[in-house]
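Student: Model the full structure from these sequences, guided by the hints.
6 protein chains.
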Amino acid sequence: MSNKLKLALPKGSLQDATVELFRKAGFNIYVSSRSYKPTSDDDSLELYLIRAQEIGRYVHQGFIDCGITGKDWIYENRADVDVLTDLQYSKATSKPTRWVLVVPEDSPIRTAEDLEGKRIATEGVGITERWLAEKGVKADVEFSWGATEVKVPDLVDAIVDITETGSSIRANKLRIVDTLMTSYPQFIANKKAMQDDWKREKLTNIVMMLRGALEARGKVGLKMNLPKESLTTLVETLPSLRRPTVSPLSDDGWVAVETVIDESVARDMIPQLKALGAEGIIEYSLNKLVY
Amino acid sequence: MSNKLKLALPKGSLQDATVELFRKAGFNIYVSSRSYKPTSDDDSLELYLIRAQEIGRYVHQGFIDCGITGKDWIYENRADVDVLTDLQYSKATSKPTRWVLVVPEDSPIRTAEDLEGKRIATEGVGITERWLAEKGVKADVEFSWGATEVKVPDLVDAIVDITETGSSIRANKLRIVDTLMTSYPQFIANKKAMQDDWKREKLTNIVMMLRGALEARGKVGLKMNLPKESLTTLVETLPSLRRPTVSPLSDDGWVAVETVIDESVARDMIPQLKALGAEGIIEYSLNKLVY
Amino acid sequence: MSNKLKLALPKGSLQDATVELFRKAGFNIYVSSRSYKPTSDDDSLELYLIRAQEIGRYVHQGFIDCGITGKDWIYENRADVDVLTDLQYSKATSKPTRWVLVVPEDSPIRTAEDLEGKRIATEGVGITERWLAEKGVKADVEFSWGATEVKVPDLVDAIVDITETGSSIRANKLRIVDTLMTSYPQFIANKKAMQDDWKREKLTNIVMMLRGALEARGKVGLKMNLPKESLTTLVETLPSLRRPTVSPLSDDGWVAVETVIDESVARDMIPQLKALGAEGIIEYSLNKLVY
Amino acid sequence: MSNKLKLALPKGSLQDATVELFRKAGFNIYVSSRSYKPTSDDDSLELYLIRAQEIGRYVHQGFIDCGITGKDWIYENRADVDVLTDLQYSKATSKPTRWVLVVPEDSPIRTAEDLEGKRIATEGVGITERWLAEKGVKADVEFSWGATEVKVPDLVDAIVDITETGSSIRANKLRIVDTLMTSYPQFIANKKAMQDDWKREKLTNIVMMLRGALEARGKVGLKMNLPKESLTTLVETLPSLRRPTVSPLSDDGWVAVETVIDESVARDMIPQLKALGAEGIIEYSLNKLVY
Amino acid sequence: MSNKLKLALPKGSLQDATVELFRKAGFNIYVSSRSYKPTSDDDSLELYLIRAQEIGRYVHQGFIDCGITGKDWIYENRADVDVLTDLQYSKATSKPTRWVLVVPEDSPIRTAEDLEGKRIATEGVGITERWLAEKGVKADVEFSWGATEVKVPDLVDAIVDITETGSSIRANKLRIVDTLMTSYPQFIANKKAMQDDWKREKLTNIVMMLRGALEARGKVGLKMNLPKESLTTLVETLPSLRRPTVSPLSDDGWVAVETVIDESVARDMIPQLKALGAEGIIEYSLNKLVY
Amino acid sequence: MSNKLKLALPKGSLQDATVELFRKAGFNIYVSSRSYKPTSDDDSLELYLIRAQEIGRYVHQGFIDCGITGKDWIYENRADVDVLTDLQYSKATSKPTRWVLVVPEDSPIRTAEDLEGKRIATEGVGITERWLAEKGVKADVEFSWGATEVKVPDLVDAIVDITETGSSIRANKLRIVDTLMTSYPQFIANKKAMQDDWKREKLTNIVMMLRGALEARGKVGLKMNLPKESLTTLVETLPSLRRPTVSPLSDDGWVAVETVIDESVARDMIPQLKALGAEGIIEYSLNKLVY
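Residue numbers (the UniProt record's numbering), protein chains in the order written: chain A, 1 to 291; chain B, 1 to 291; chain C, 1 to 291; chain D, 1 to 291; chain E, 1 to 291; chain F, 1 to 291.
There may be inaccurate statements among the hints.
Some chain C residues close to chain E (C-beta under 7 Å, calculated; not the full set) [unchecked claim]: (1) Tyr36; (2) Leu49; (3) Gly146.
Hints are computed from structural coordinates only; laboratory data are not their basis.
Predicted, not measured: the structure shown is a model, and the values here were computed from it.
Ideal Cβ placement from N, Cα and C applies to all residues, glycine included.
Tutor: Given below as structure tokens:
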């Protein structure tokens, strides 16, 4: 029987970004609207679309070998798993998700301590209760199925909710009191699965490709012809131009220089390269980058 | 201070149908994408968009006076509230929602009894546990955040899930073992709120208008001129043509007949009316119908 | 065994308009993207979605009892069927479809006779050959699978194509030489099916409802209160206000007048009614109208 | 030669609502994306799509007989025309358009007087200058081509802009200092055209139909059977139920009552009618209503 | 007079994919909704949009020099043309089109022989008749205008239809009995046109570019720096890494290696390259690839 | 305090193309639907979305340091600014915008001189008046708010309007008499701002990157292995293959050649390269190209 790796993808807001990341990493995943079990062009993967809230639990229990989910839900579930890599992407921006304690703008609650004896609604009951315990505060924490923001102040005194930019909070005339934790996606594996040689190597390779695809994001390739005498200056004055590949040209006075830089610094660096005498500067896109 | 009625609308799959029903009943509700508190053209209403799962709980506790939610979630929450009326509509069709016990097509589980000692995942932990207790069966029920169907058989032995048509179940090669309950939307009120005169009368009027709008759905108005001598035959042979309004016409041999019928029988009844000598048969649409 | 009527609906450009016409006539037809056999809320109908080109043939052969298709394709197929009613609707406008002989703007072909010995491409090979035979002209007629207009003058000398407004013809710098036939949808039935009592009555009722729905299109209901003394003038000066229903009112000097008019004349008639002393003039929409 | 009425419709934000209003009034207007001259099903109309800013000018000059435009632009252009009727509709809501003086939230400008010597940008140079003159204030008014809100405070000190709800103003952290004028669409005619008998009658009829369509908006028809003895109470206690049409029924103890009410009061009135013994209360929609 | 090549593109399901393939090959084709004759940025091309069913016929007759159409329709038309290259793409996937004999799931027909004396409907009358002749089976083959699947079993006994994935067949409860032929797009030319020097060279170049664009699909470029001593191992252990371009670097111990691989093997190969000591591995996309 | 450059982007038809151009140049600009002040990932930029008509004026006055707008509006505003570079892009195509004098097809106006004493409507009053003055013609020029084409011949005798392709003019049965000016976007700066060292250098770099992004459009990178002996022939016979980068390979008989060419010539050049013995020809896309 052939080897299989059971891999859980987070259903919901992270789903499309995750499938896209795998595609860039070289794994084409096909999600059908008729089935919860995606297929892929890698026959050794057995895929599951599971809510992010539950992936940590099932990986911990060993029903699933590995998966991508948020650090927050791993913590909420007290899942004891191996974290193989952080994956610094999120839905819209690259900002981490924050769990924040929120009250109405005009609430008297200003600190965690003011919550003593109050009622709090949240999707993250475990996160909230462990944070309150650390603070030594006693409060009523009730599970919220969503639309949490509408509940203050009529239904509860405070809420603990997820935010990325805080703009929805301000629009609802609410105020952030404190941040309980920040979170971002992680690639996790079951501890026992990591002791299986085939699974461990497979996981290592997947991680390398996922990281290669993430690295390439926001990076660009740069190549140019440079007068040989400028080469030293180039390396000295542009230390950020790391590890350029220098190759000889037929024309003895020139070398070909090739490197990878952050797309965001290209606009500053290209004028400097031009000033050093570079010619035919070309910028192009990358799919993957593995150092 | 003016009277206010706190009314909860179900956020999510029932939301648009509920807002549309209120509109037909004469209440224009405006849901803003920026706020969870809808507004309306009735200043005495204070509106909340809350998940159907929680409305029963908040109405029971009295934080909200009344709301529309499913019979299932009222039961799940053991909410002790007054049911003012059933509202026989649902998302796509008019079929009630069913909670069903589902297993893989080839599972050995055939009856509730076969669940003894098994693991079940469901969004309705209370519904499931109370049903198992009635059956005298002991099983592990765990809360599922969604995407429940993917969990059998790898993660759990059975699931209890909501279905309207069963088509998604068949598409996932699953099998329905039993039905735990059927559900449809209900308009509920807090018991104490019903003792307040203003609130009770307001609620009674809203119910009358909601029912008037529901009644008009699938009904049409019909009017025609009929030879006076056919009137008796009309009433005798078409008993389903209930309570026609008959008014005299200037032309003595004729009367004007007006009535309301189910749209679905119009195609059979109009030919019969024509055969009775009716002329100028007009069919038109209704907004509301209050008997 | 219960009676069944096999009814063919034209797949393609007329499909949506046909389903909508049946809906207005009181028959809800459900077309699924997964199946070619639509369902309906009338269990005695067995529905088929078939291309308009073939419906005449299958009704003629008796595989299907009845159907809606264009007069042109019935003629093309030499189908010997009963035409129950014309249905004067078409896709965008209410203009009939025309089959026209088309050549490039600068072609020497000016009359049918100029086609002698030429090559013609068309979807309607039968229509074209029978028309040429009537004219006593011999030409090569080849079947065209579509995109016919691109073929002149490089691939053939002339084409016979369908047009509704002629605008596409002008846009392609083509010229209409002659009109072979005009066509509109017809409801046809197999001759043998018409001898079956149940089928004939069912077909008669369907036709009555389809015509009732078509009649109501572009008509509106009008009602008003009118001074009794204006009644004679009303009938005399507005003969187009046919067969008004006049009923007495409690106020002796007034009568209630109700009628149905073409929507397009309402803008002229209402000012005249106002001039006659009419009050409270109301215009409303109709679903069906059966005289 | 047949009579023609040159009618200008406002191109832009009011366009669709205007075409829809004419449609409800019984005039079908066809706007083609390829031509600025719409066509209609009334051959005596010659239609122009012109910017609202210019319609007043061209009607005043007599190049156009009549048109629909905002009161504001008529005033801006100092157009001397006959106003045939106000048309109380606007793009999204039924609120009138307001021209407001706007400054940054933290600007020292608090009153019109604070504008002395300042720079103001606006699309309505005439409106602003005439308002400043009335206030006796001298300021620099420059024409703005749009995107006016971005200009304060970097490019000008204040702006005069159009608002319907004020929400965009708050979102840009601006503050309304004063309202210069409120505006709504008006149907205007050239003074000389009004002296032509045919044109004046045509215009009168169009106005009647436009008003009939506007009246019907937000109104509904109501009919019911009522015990004869309740009729007096009905009229006394529900004076808002104006001018009901009462007709006798075959059943002597009952009358048929029919009337038109505001849709927004139906939800209060229907329960009252029910309390008076009304049966079979039907509510239906209206297309036009001409008293 | 300048040389012209008449080229037919298949109108319909292959159209967009064909235009896109030409774009990738360097030919920008503009399809106007108003005209059937597309234009391009290559003045020596004269383009026609013709149904795939007819292209073979017109190329065979010489009205058109060349075109892209399916192998099936070339065969159906018995078109005697030069096939310049297969183009292994199709609408959604890269699977070839199959012509299959289809019957209802519960039909007694199990082999070609069971068709003796039966009725078959198909768009490919020629394909079907030639296949039946090869099998020595006599059956009635009638032309179907489309919607063929609805015809079994009520209208005909079997159909011959096109399928790519077979899913629509299963959804309609049909069964595939046999495959008549498989087909994919081909680039064909008229035999006489191939004897014209200019046309033959032009066709050769177009074929080279179309193949270059197809080759690049699913391939990626890979470059990296490699320790010189790993070079031999690289070539030996990764034979699939064909024809790498190896160039010297300024740093003597290292070489730059560049190659092209299938995108689908990148995920396996990159980890192996890394294990060999490769650094700065970059993967990038290709537009064209000509070996 | 840190340096800031105030930069105006043209709101409206050029907006999306401008933001996209900046993105390709390495500056990510975020336009919010709620605010007229875009943000970017370059903190030294302060961005404004202003109508193209006004940017020249504000840059001239110094309220804004620099901006992108059309040459036409700079001229209309008589703005005295530094033109840093032309940006040869426009909305749909790369054709320049033309200001043309337009009359009805059948107008007697044939030359500028025929305008004497006539009425002209235009958005570009300054452009038109200065052009008439050069021609020594006196005419009435009135400002048009848009929809200018509908005005001839009923409201004015001629119009001066913008066109890119002329197709809308023909569709409205109008005729172009003369071209007043052609225009394309320009990047302009305030003269005083250019004397500030930081601003001038910042502007120079932005221009270099914008031009680099524009250069890369329609260009592709090409690389291949070439037999050493073909190198001379390559350079001689393909002079358009400018400045190829030639680097040695491990295999002595071959060199690696890399260059950049116009995408539109690739289809002609690749066959020639192949004929010279080139192997492994790869074409890829560029983001930026700075010579």
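Student: Of the hints stated earlier, which fail here?
Tutor: Of the numbered hints given earlier, the structure breaks none, since each of them holds.
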